[in-house]
Amino acid sequence: MPARVLPAPSDVALAGWKLLLSGELARNIWVSFWRASVGFLIGGGIGFAFGLANGLSQLSSKLTDTTLQMVRNIPHLALIPLVILWFGIDESAKLFLVALGVFFPIYLNTLHGIRTVDPQLIEMGRIYGMTDGELFRRVIFPGALPSIFVGVRFALGIMWLTLIVAETIAASSGLGYMAMQAREFMLIDVVVLSHPDLRLARKARRQRLARAGAADAVLASGLPETLRIEMQEALRFLCPDAEAVDRADFVKQARLSRRDADALLRGLSLTIRGLRKSFGDNEVLRGIDLHIPAGQFVAIVGRSGCGKSTLLRLIAGLRPIDGRHHQLRRGHARRKTSA
Amino acid sequence: MFQEPRLLPWARVLSNVEVGLGRERASADAQARAESALVEVGLDDKRGQWPAVLSGGQKQRVALARALVSRPRVLAFDEPLGALDALTRISMQRLLERVWHDQGVYRDPGDA
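For the protein sequence lines, the chains are R and U, in the order given. Going letter by letter, the first sequence gives residues 1 to 339 in this note's numbering. Going letter by letter, the second sequence gives residues 1 to 112 in this note's numbering.
Note that these hints are calculated values from the structure, not bench results. This structure is a prediction, so every number in the text was calculated from the model and none was measured. Heads up, the beta-carbon is just placed ideally off N, CA and C, and yes, glycines get one too. Keep in mind that a hint or two might mislead.
What the hints assert, rightly or not - In the EDC-like style, the derived pairs of lysine to aspartate or glutamate whose C-alpha atoms are separated by at most 20 Å in a straight line are: (1) Lys308/R - Asp65/R; (2) Lys308/R - Glu4/U; (3) Lys46/U - Glu35/U; (4) Lys308/R - Glu35/U; (5) Lys308/R - Glu283/R; (6) Lys308/R - Asp29/U; (7) Lys62/R - Asp90/R; (8) Lys308/R - Asp281/R.
What the hints assert, rightly or not - Just a few of them, taken from the derived set where beta-carbon distance is under 7 Å, the chain R residues facing chain U: (9) Gln120; (10) Ile122; (11) Met124; (12) Tyr128; (13) Pro142; (14) Gly307; (15) Ser309; (16) Leu312.
Just chain R, with the same shape it has in the complex (with noise of 0.2 Å):
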């Protein structure tokens, strides 16, 4: 094979040590490394908080996610001209385009990291009296992080991709650059050490591509819609008077001395009349009357399937009861020593 078409290895290696005797290939990294350190950190901070704010707030993500997945389809390199207008040749430019890169591999994984927690753990969380704030600390960030270091890791590829794209227009330093200027001289070695990672990038890209079709299927699918508002409608049912369920919010809103509460929160007894729930046509409980008394042992039993712990979940307050015409009461009784 000539030369011409594909040097030998063994030439790119002799191309690899000239540049770096010369300090050359050590400058041009350094340039091209901190292009896009700085490039990732601004798109990556960006795509990053557009991505927690939109998994977690619907109308955060009402608001820019449709415009952020159009956005997405246009070719970031295909723009190019635009941004040479708006930022001239200089540095913020190239940085402008590695950060348009990264923005959208970030804010893809972080959102889709946060929509598909486990919601298995967020109702636990639930259950046992998170805020909002620990829930995101404790579970729904934990939760996301694989996902978002994918993001992370994909956004990795693209900034090289882009950077050295960036860099063969216009610039007089950096990876890109070096690439450029030995085409120019016909240096084929110093092209083809130039651009292993270019090679490698656009492997990248061609995995994000794929997995963003993916994550879009995901996203349309319909995931669970806002469990939090589903819970506080929950929560508004179970005690009408009462907005929380803290036991400070309790004593107030019921007027009682702290004493008198404390006596009928011990002695707590659970009253459900005529409950009702179906899942869309599917009728699970219709019409539950449940008295316990407390310090009654109660057992439920029935076959798999016929509402056991739909029953519970409706008493735990994690589901919307159906209709109006339920009563589901906490009400006093006097304490029993069980035995």
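We have chain R; now place chain U onto it with these hints.
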């Protein structure tokens, strides 16, 4: 208590139990209370382990410790032993019975 253990996979056993303290999590004796709840279910030697290395029965016992640590007055059990094998289930039933006697908790279980 749920049909599944629902432990946080990224938290050690002891912190998983502390989750059950609810709003009292920040109090000074939180860790001591979580430890004594672990003693109650016989898992105090596992406090520094990750949930992933525990067996199904051990996970469910950690979940029980988490449910008991705040000394609740009402406990709802949604077949918490359903996923366990016969022998583990029997020992868990004994454990629950003992805890019931010791604490005098009033229970509303789906698990007979």
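Hint numbers not upheld by this structure, sorted from lowest to highest: 1, 4, 6, 7, 10, 14
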